[in-house]
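Number of protein chains: 2
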Amino acid sequence: MDVVSQMKLFMEPRSVAIVGATRRTGPLSFNIVERLLDSGFQGKIYPVNPEADQISGLKAYPSTKDIPGPVDLAVIPIWERSSVPDLVRQCTEKGIKAIVVVGQGFADADDEGRALQQELLSIVRERGARLLGPNSLGVANPSQGLNTAFINVRMESLPIGLVCQSGLFFGGLPASALLGKGIDIANASDIHFAEALQYYEDDAETKLIVLHIEGVRDGRKFMEVARRVSRKKPIVALKAARTEQGARAAQSHTGSLAGRDDIFDAALKQCGIVRARDIDELADLIKAFLRLPLMRGREVGIVSTSGGAAIMAADACASENLEVARLSAPTKGGLQELSPPWMRATNPLDYWPMSIHSRKSAPEVGKKGVRDFLADHKVDAVIHVPGYYPPQDVSRIAKDFVHISEAFPEKPVCWWMSGYHAAEVTAEFESQGVAVFASCERITRALAKLHQRWQFLQSD
Amino acid sequence: MDVVSQMKLFMEPRSVAIVGATRRTGPLSFNIVERLLDSGFQGKIYPVNPEADQISGLKAYPSTKDIPGPVDLAVIPIWERSSVPDLVRQCTEKGIKAIVVVGQGFADADDEGRALQQELLSIVRERGARLLGPNSLGVANPSQGLNTAFINVRMESLPIGLVCQSGLFFGGLPASALLGKGIDIANASDIHFAEALQYYEDDAETKLIVLHIEGVRDGRKFMEVARRVSRKKPIVALKAARTEQGARAAQSHTGSLAGRDDIFDAALKQCGIVRARDIDELADLIKAFLRLPLMRGREVGIVSTSGGAAIMAADACASENLEVARLSAPTKGGLQELSPPWMRATNPLDYWPMSIHSRKSAPEVGKKGVRDFLADHKVDAVIHVPGYYPPQDVSRIAKDFVHISEAFPEKPVCWWMSGYHAAEVTAEFESQGVAVFASCERITRALAKLHQRWQFLQSD
Chain A
3 MDVVSQMKLF MEPRSVAIVG ATRRTGPLSF NIVERLLDSG FQGKIYPVNP
53 EADQISGLKA YPSTKDIPGP VDLAVIPIWE RSSVPDLVRQ CTEKGIKAIV
103 VVGQGFADAD DEGRALQQEL LSIVRERGAR LLGPNSLGVA NPSQGLNTAF
153 INVRMESLPI GLVCQSGLFF GGLPASALLG KGIDIANASD IHFAEALQYY
203 EDDAETKLIV LHIEGVRDGR KFMEVARRVS RKKPIVALKA ARTEQGARAA
253 QSHTGSLAGR DDIFDAALKQ CGIVRARDID ELADLIKAFL RLPLMRGREV
303 GIVSTSGGAA IMAADACASE NLEVARLSAP TKGGLQELSP PWMRATNPLD
353 YWPMSIHSRK SAPEVGKKGV RDFLADHKVD AVIHVPGYYP PQDVSRIAKD
403 FVHISEAFPE KPVCWWMSGY HAAEVTAEFE SQGVAVFASC ERITRALAKL
453 HQRWQFLQSD
Chain B
3 MDVVSQMKLF MEPRSVAIVG ATRRTGPLSF NIVERLLDSG FQGKIYPVNP
53 EADQISGLKA YPSTKDIPGP VDLAVIPIWE RSSVPDLVRQ CTEKGIKAIV
103 VVGQGFADAD DEGRALQQEL LSIVRERGAR LLGPNSLGVA NPSQGLNTAF
153 INVRMESLPI GLVCQSGLFF GGLPASALLG KGIDIANASD IHFAEALQYY
203 EDDAETKLIV LHIEGVRDGR KFMEVARRVS RKKPIVALKA ARTEQGARAA
253 QSHTGSLAGR DDIFDAALKQ CGIVRARDID ELADLIKAFL RLPLMRGREV
303 GIVSTSGGAA IMAADACASE NLEVARLSAP TKGGLQELSP PWMRATNPLD
353 YWPMSIHSRK SAPEVGKKGV RDFLADHKVD AVIHVPGYYP PQDVSRIAKD
403 FVHISEAFPE KPVCWWMSGY HAAEVTAEFE SQGVAVFASC ERITRALAKL
453 HQRWQFLQSD
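Line by line, the protein sequences give chains A and B.
With the numbering used here, the residue at position 329 of the first sequence is 331, and numbering never jumps.
With the numbering used here, the residue at position 97 of the second sequence is 99, and numbering never jumps.
Chain A on its own, in the form it takes in the complex:
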């Protein structure tokens, strides 16, 4: 069986056995059977528990071998680490080829744990099965109603494929919902980033891949796969354990060897992987890569109803090595017609005085500003900071701006909202697909990464 077929047993199983299913119920019961039913899994669910007849309304089986039909995926939520090897062996004897081990106390712990993890690995290798974990929440796939996490996880069907080493991400970072599919490789004794990437590589539902990395084991293999996959789909990575203090903590979390951060950074760049510095940036990059085109050059146009915001946007460009574009003469001329004589229409464009002088509404002048900037071949992306929009007009104004952006599909337009009603205006614009960010600094960080990927795709 090739890797993708193996991974499909995890991600698209027709049947799941929970080996060591609990009889507890309700919140904080960590009942995976219940979670699977909640998430709407349509395949067969086989609870295994020698002391139960039924679990969450489903027939329970005393042991794995008693399950009547074939089983694609087994999840073992047992915390008594010494009993795990036997349970894994029983799964392989039943012919199960995909096994999730949930409990901790393996390579994340002590010498005995490391030996046990090694034993698990030998068992699955011998039978041609694959192991996810230990220390893993398993997998999630919203389009299958599949979620093997024992904690409550809200899922959203975004075209994102997540690979992580912590349940934190699985539980919904940077949002409070899992944004798409998820694979928690955790201790990564067997299935590592390379296998997970290969699953997402040609998965039609996945447009963007997000990695949370504590450490990489087989660096050469990882880079080979990552380089190939990132030609097809953007990969965004948050690397934790990037400092000595973090690396020490990672050792007792997933048993990962974090490696030197500068080497890691260079390796990610070489693979075309875009690195997020923190959770905020991860959220921004997810938004940017899902909603915006790549940025083809380094020239930014700033259109703002506030001079103060325009300055911050110019600062933010400089911080990310982006340029405040020099407009071409016709663009400046067209905007100068609306401006008071004492003001030069330029980039950044501070259009509040233009609105006062021309007696046109600020939204109208803003639209002209954004449109004219986008039409200028000297501009590669636009930052727009609007002012107050009357609540009854917000939806219509958003639509107008969406149309303007659509006419320039090769140039990202990023928004920063401020002031009165900002939350409501943001919600409406976001619902129409506009990319609104929390600050100019966060916009330019995202733009720089959209440009980084553009450059990567241009290179050989």
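Calculated from the structure, these hints are not laboratory results.
It is possible that some hints are incorrect.
All copies of an identical chain are treated as equivalent in the list; a pair is satisfied when it fits inside any one copy or across any two copies.
[As the list claims (entries may be wrong)] Using 20 angstroms as the maximum straight-line C-alpha spacing, the simulated DMTMM-like pairs for lysine to aspartate or glutamate come out as follows:
(1) K96 <-> D462
(2) K235 <-> D205
(3) K401 <-> E430
(4) K362 <-> E82
(5) K235 <-> D395
(6) K289 <-> E158
(7) K223 <-> D204
(8) K61 <-> E301
(9) K334 <-> D112
(10) K380 <-> E412
(11) K10 <-> E53
(12) K271 <-> E426
(13) K271 <-> E322
(14) K271 <-> D462
Only a predicted model underlies this, so the values are computations on that prediction, with no experimental measurement involved.
The hints should help you fit chain B onto chain A, whose structure is shown.
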């Protein structure tokens, strides 16, 4: 009249004249009379407009001199810049000592504008009046129901004094409401940061001062006042125009000379002013300084239900030159009792396995962790990352944690929420005064600044 008395005419006026009040009404009418009525101003309001008998239901006067009573504050919202000097002169002839000029086109524009601004300054100096602006939204003081902005501004009565050079902040940055009092010095032809700081210096309602700076004119005076005031109250500053590109833009916004950023940075530090790098950090520092005690050392305790989060917290400490505290032996011993034998209870504390092993609920183990860490003299601050809290228990759990924090009033406790229900849990904890931040990185940035201020106050 001393500076504070002069500033009180702006901030606590008994009567306000709007010289050149518009007859338009509703949103986007920029009607200051209407805004003043909306904000609940209880003093006298005198609209001045030669073409109107009434404005927003109030008697209008043909000119300033026709106003019957004394006037503390005049606001001139006229955009025809050439007519402003005359209107200012009429105000001074009426004996008005506090004047806001709203229009642009002065030092922010061309030579003629600079000359006009100089003329305004001469007029007020001659009569012992003070000028705020030009290019200013004026002042706001929630406890007086006062807001002279012509745009819609929502006010919250937090004990914050803002001094800014852009209406953007006045309109509600980093929140979408003005958090306390506001003074928009804008072009700062006359009233500059030093005057505004002196007003807040002994104002009983102001506990924290926030500055948005594009440029400082009289650096020596500014530093002298700032150094004195920051001994009494924390001052947080966001410096815009910190790059060459930003400085160019600032020149045509408020006519500010931005100065070299490294010199600025050193000057701010010397004054004990805490600098925010961006809007996100400004929001975090406002929260930190209002809700948390200063941090007395550099040692951080990390208590987390997620090993992945603990690693990110350790990384974040290293980035801000904070230490992951080495716990004292009794603290470790007490926590080890709950831990599985294969796990060392240490800092960072990953308490999920402790909850499983000890069969105590995660919130209970979390409370013990936070309490024991705070009680350890080796720990100066705690970062807590909790897991899932059942909705019906959130309020009670928050109360318990508030009590724990209150027992250690000299140590900041910062929270990072994640996962399922994070938004709701955050809202409840925030409403009880807990300081919740958006990421570990943002926590350690805030902690570092709480420590910076502690060090400043220890120095001579």
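For each hint, the structure was consulted:
Taking the closest pair of Cα atoms, K96 and D462 never come within 20 angstroms of each other, the shortest separation being 47 angstroms inside a single copy and 75 angstroms across copies. For the homomeric pair K235 and D205, the shortest alpha-carbon distance inside one copy (10 angstroms) is at most 20 angstroms, but the shortest distance between copies (57 angstroms) is not. In this homomeric assembly, K401 and E430 come within 20 angstroms of each other (Cα to Cα) only inside a single copy, at 10 angstroms, whereas the closest approach across copies is 35 angstroms. Taking the shortest Cα distances, K362 and E82 sit within 20 angstroms of each other only across copies (17 angstroms), while inside one copy they are farther apart (71 angstroms).
In the homo-oligomer, the alpha carbons of K235 and D395 never lie at most 20 angstroms apart, since the shortest distance is 37 angstroms inside one protomer and 43 angstroms across protomers. In this assembly of identical chains, K289 and E158 lie within 20 angstroms of each other by CA distance solely inside one copy; the values are 14 angstroms within and 31 angstroms between copies. In this homomeric assembly, K223 and D204 come within 20 angstroms of each other (Cα to Cα) only inside a single copy, at 18 angstroms, whereas the closest approach across copies is 65 angstroms. Proximity of K61 to E301 under the C-alpha cut-off of 20 angstroms is found in neither arrangement, the shortest distances being 63 angstroms within a copy and 53 angstroms between copies.
Taking the shortest alpha-carbon separations for K334 and D112, only the inter-copy value of 18 angstroms comes in at or below 20 angstroms, while the best intra-copy value is 67 angstroms. In this assembly of identical chains, K380 and E412 lie within 20 angstroms of each other by CA distance solely inside one copy; the values are 13 angstroms within and 55 angstroms between copies. Proximity of K10 and E53 under a CA criterion of 20 angstroms is satisfied in neither setting, with 31 angstroms inside one chain copy and 78 angstroms between copies. Proximity of K271 and E426 under a CA criterion of 20 angstroms is satisfied in neither setting, with 38 angstroms inside one chain copy and 38 angstroms between copies.
In this homomeric assembly, K271 and E322 come within 20 angstroms of each other (Cα to Cα) only inside a single copy, at 16 angstroms, whereas the closest approach across copies is 25 angstroms. Taking the closest pair of Cα atoms, K271 and D462 come within 20 angstroms of each other only inside a single copy of the chain (14 angstroms); across copies the shortest separation is 48 angstroms, beyond that limit.
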